[in-house]
Amino acid sequence: MAEEVTSRAATVLQTTVEASRSVRWYYEKVTAAKKNNKPVVWAFGLVPREIWHALDIPVVTLEHFPLLLAAKQLSGKYSQVAEERGFTRDICAYHSCFLGAALSDQLDAYTEKRFPSPDIIVASNFPCNQEVKTPQYLAEHYKCPFFYLDAPINPWGEEIKKHAVEYYETNLERLLVFLEKFGYRPDWAALQESVRLSQHLLRLWNKIVDYRKKAPTPMGAADGYICLYPLFQLPGTGIAVEIYERLLNEVRQRAESGLGVVDEERVRLIWAGLPPAYNLGLLNYPERYGAVVVQSELEWIGGAILDPEALNAKKPLESLARKTLLDFVNPTYSNRINLWKRLTREFKIDGIIAVNKRGCRNLPAGNRLIKDTVYQESRVPMIIFDLDGVDNREYDDAQVKANIDTFVESLLSKKGGRKQ
Amino acid sequence: MKSLETMRRYVREPQLLINGYRALGKKIIGYRCLYVPEEIIHAAGMVPYPLFGGPEPISLADSYLQPYICEFIRNVFDRALEGKLKFLDGLVLCNTCDAVRKMYDHWRTYIKTHLCYIINNPQETYSNHAYSYYYIELQNFRLEMENFSGQKITDENLARSISLYNETRSLLKKAYLLRKQDPAALSGAETLDMVMAAMIMPKEEANTLIRDVLKEAGNRVDRRQNSGPRILITGSIIDQPALIRLVEEMGGMVAADDLCTTSRYFWQEVKGDNPMDALCLYATQRCLCPCMHPAEKRLAHLQELIREFAVEGVIYFNIKYCDPFIFEGVMFKEVLEKTGIPVMVLEAGHDLSGIGQLKTRVQAFIEMLW
Amino acid sequence: MIGLGIDVGSLATKALILKDDQILAWSVKPTDISRKSIPAAVDDVLKRTGLRLNEIENIISTGIGKKEVSYATGTLSEVSCAVRGTAFLFTGVRTVVDIGGQNCRAIRCDGDGGVIDFALNDKCAAGTGIFLTSMAKALEVDIGEMGQLSRQSTMEVNITSMCVVFAESEVVTLIHRSVPKADIIRGLHKSIAMRVNGLVHSIGLESRVAVVGGVAKNDGVVSCLEELFKQKVFVPGEPQLVCALGAAAAAMKRGGAN
Amino acid sequence: MITAGIDIGSLSSKAVILKDGQIFGRALTPTGADSVQTAGRVMQEVLDKTGLSFKDINFIVSTGYGRVLVPFAQRNVSEISCHAKGSSWFFPSVRTILDMGGQDCKAIRCDATGKVTNFVMNDKCAAGAGRSMEVMADLLQIPLADLGRESLNTVRGEQDISTTCVVFARSEVIGYLHQGVPANDILGGLCEALASRVYALLKRVGVEEDLVISGGIAKNIGVVRRIEQKLGINAKIAYEPQIVGALGAAVFAREILAKIMPG
Ligand SMILES: Nc1ncnc2c1ncn2[C@@H]1O[C@H](COP(=O)(O)OP(=O)(O)O)[C@@H](O)[C@H]1O
Ligand SMILES: Nc1ncnc2c1ncn2[C@@H]1O[C@H](COP(=O)(O)OP(=O)(O)O)[C@@H](O)[C@H]1O
Ligand code: SF4
Ligand code: SF4
Ligand code: SF4
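As given, the protein sequences belong to chains A, B, C and D, one line each in that order. 659 is the number of the first residue of the first sequence in this note's numbering; add one for each residue after it. 75 is the number of the first residue of the second sequence in this note's numbering; add one for each residue after it. -2 is the number of the first residue of the third sequence in this note's numbering; add one for each residue after it. 115 is the number of the first residue of the fourth sequence in this note's numbering; add one for each residue after it.
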């Protein structure tokens, strides 16, 4: 996601560079805010980002920082620091890495530059238990005020129950009250504007997605991964909208002139689970066989599966509640299953590569379930193997490639009627 | 002790109980974990039945729930896949740890039980709006249970169930408090058997047996003169006495434990005039599980146990991949050690495989406390 | 048409020559750090057939060292080779289990050489041949005898450690307790079979199962698998050679094309 | 007063006889398939060396993972306590002990009397223990005793080893050898990997000087140097680090004896 990753993954779009620059832009903003004595929030779990941007609160998010460290090949190092503190190797590397970076006796030069220490910690139990435990520990460590945002789970699929939405909404209101103590006054107009921008962003995103369904696809997962930052981190800001407008233009042009990621697209794949942030080139790896990873699951995180029209700027908190509760990373799987069925159909997918992230209690456990349901519906196969997208210490190139090679080989032979 | 022997037998051969329930024509509803209100199931004329793991190694579950999910849940799910839980008419889960939540979809897809329901309880407790949200969830659950059993749950029935369960809770607590004495009249392993039996038994019968335990324990002659260090065990679920027994064999005295198969089950009682209000209040104010917020309440509770039972060392048992306790173990270890209580975090699989290494750790910890 | 298949495995390198669907010769040499196993196995099959390397139009290599065969005209994954090799020997097999030195693969196939679904074991060595090889050493028995010995078992023994290293000490402890070797071996076989069973179930078990790879030589493991699969399985006469056979078959079919 | 300590380890068994507070004899032998027999053998060996007989020994304490299998020991004590005790006997100023044997690895803190105050042990994967070195010695055909030295003379720098599993590391190493990576660099990488795992363990208990390294791996200078480098301190090592556990057991035997037979 960071600029340094761009070199590793072969991207085809111009706008990708721009999207990755927004990362630096945002962190510089956070650092500057800290210098001006604005309280910095560390946020964990999927707390709706629109709130931070509406109230102009500088925020460092758990979901993003370890990826930056991984891109720098530093994740293993920091995870080890957490292990030295007594955390087992079995916890999610997002957390061990973040903990390690925060607990390093001295934040090293790289980290400190981007990583102002927290004044407030906000955590949500969404999507996993660890999302609350890490911040709890850090709040104790930094002696920081701590806010816990309780999110109900969603076992109902697309029809969320009213009382659950209301409960989450109330909790968001309480968050606003809490933030007020630090001088961040709730500004209703700004919240509405933020949700409006977020809605606009989702509309753009959906148009881009439509073009990507074309064969050959004008934009692959490597670009998608890096372009995710505005959608995931900056929804509710103008800059995100600008970037996506340009992205849409570029993708449209490519699609209209028939430009694809590879010359001859033979197989279309989706990547489920986290790609290795320390080796994003892996998303391009199947291209040598004419296989393109056209989508990665991560691009749908943060409520991107929501129909943009379901957002209503007049009711910002309710809209954000819906956006969160419908997220496919919800601890129960109904929405994730629906997402997969839909993507497989709409993108004319030939095969799914799914990775089990070590230490993750959320996505891997569902992979088999999704494999079975998707296969039942569309006969599209899915290969599942272990790969930790954050921790680079145990990455085994040979093992991973053996899986991908074999999988693509079997897809090709199926398509080509087994020529060999 | 005869009463204890009877209870232990039920834990080892739950089929005896299950046959009994079946003979009465009762529906059996499996559940996990403690945030499922048993009383509502009971008041609908059904049997709430807590699910435990078995001693057999996991075979099929690993290919469905990948291995980064706690072994306890994988074990339970494995038993279901193997057809060992066919006696269940339904399953009720609640919103606690990831492992439990993950099992929901898997159960619905792969295990054909008539009912699979998850109660969407809040994870924030001691708060008014969580209370009102949970109240709706409980009402929905009550309706669901009425529909499923075909029996109306009247407030009277519910109140009766609550007082029956409360009696079990208070009796268990009395027995548990016997361990304050030195040497204790009940060992840790015995307590575990007693509570687990009470959890799966008809409460009327359980209450009689626990009363007997209380009587018999008073004039017990075979009290062990085990004056080793007083230890508190807490952490992930322990559903077989092996670990507790190991600590006792190594010379430690398990003076107290805080487990969902022991004290967490009965520590508080359901209080209040209106039964639904009482249940709602109970669930949102017990806060004895690390999945729930705020953690300070739990820490305070542990510290109280440590004081009351004159605990000298704490063993934190983590089942591999059990995040709530893994994190809590690290956090509380730092805090407790600052107050002079040594804490050993013991990570192991649900089946306690590699018991040799565990032995070394436990033995060294006890040697350290002598 | 002649095809040469070379399977450079982690423990053994196998070469096999196929001519018009007839196996002409095969050879197995231990893979070691000197890299001599490939020329050794290839020279061996050539000598047996009297052929020269340049007389063979197509050479397909497979196995973890497949890239080391510089003169191969193509490579194929082990999964494809296992399936093709099996299809060459048996008709209608729907599940192939390939247990080699450090690998275990479960494959679902269409019975005609096409792969439908597969899973490879993760990074732990439990459930593979090396687990047995190490245990054979600890037990001081010959790896080839294990299958036969296990048949004399009269008592259930459970090996709980999955880790090769810890299982070794568990085995040693069992020996101390004077548990008969036959029972320990049976326990080990069961433990491997359980692991393999898990892998197979992760892709779904179908009827007509073949077990191939070096470990299939051990009929103790095979019978444990049959128990778990609740069905008889097919085991080729030379299970270790199936991948090489599959590679050779692919090479032969390709003929002069390419 | 004559006491003995027997340490039945996973790889080697050790015996020490303590007479009037001095090491009177010691023996070391590989642990065979039969620990009971091994225990008898190592005990006989040390008796032969000292010219003593069984009845001269007043008290015997056993330790090590086979500690319950020593039929003639009056008491067994965990190896964690014994290594602390033994290290403290060698170096009274010791506060932190790293004991690394074939299968497990422990970081221990102790007080001035050698009593354990805190410890951690590696978890179930054998990756972080000495056994991996044996596997490599066997594979590379280099004597175990030379591995450490060789690992310090890297040619192009340490080769990263990603696999932690002892068994899989073997095939990774074969791969590197085939790519022409010098054996020294691979050993460097292996020692480095081991050292960093150990370092994490040490950090968990917190290192306070003096640090003693005991157990067989203390003989592996490649690992020891790397640990020292990471910690920035020098470790103390007994002249025979493998017997520290057995010595500790003998010291315990002495202390117990002193308690039960005053005067
Ligand atoms: N005669 C035999 N009896 C039983 N098992 C054997 C025999 N020969 C080899 N094996 C097993 O086969 C394994 C090697 O299988 P192989 O398929 O050649 O592996 P790879 O392809 O990884 O080299 C060995 O680890 C050993 O356990
Ligand atoms: N001479 C030596 N040089 C270097 N390393 C050695 C030497 N002897 C033993 N080791 C290392 O020590 C380990 C065994 O240590 P030891 O303390 O005897 O183990 P245990 O107590 O488990 O039997 C071996 O795995 C090996 O790595
Ligand atoms: S990767 Fe999994 S375990 Fe880690 S933070 Fe995300 S959901 Fe939680
Ligand atoms: S042991 Fe831990 S992870 Fe497993 S069910 Fe219990 S709380 Fe959840
Ligand atoms: S547990 Fe054992 S076999 Fe598995 S990875 Fe670790 S060392 Fe290897």
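These aren't lab readings, by the way, just hints derived from the structure by calculation. It is possible that some hints are incorrect.
[As the list claims (entries may be wrong)] Derived BS3-like pairs (lysine-lysine); straight-line CA-CA distance at most 25 Å: (1) K999/A <-> K186/B; (2) K801/A <-> K317/D; (3) K433/B <-> K344/D; (4) K407/B <-> K317/D.
Going down the list of hints, with the structure as the test:
| no. | hint | result |
| --- | --- | --- |
| 1 | K999/A <-> K186/B | holds (23 Å) |
| 2 | K801/A <-> K317/D | holds (23 Å) |
| 3 | K433/B <-> K344/D | violated (31 Å) |
| 4 | K407/B <-> K317/D | holds (15 Å) |
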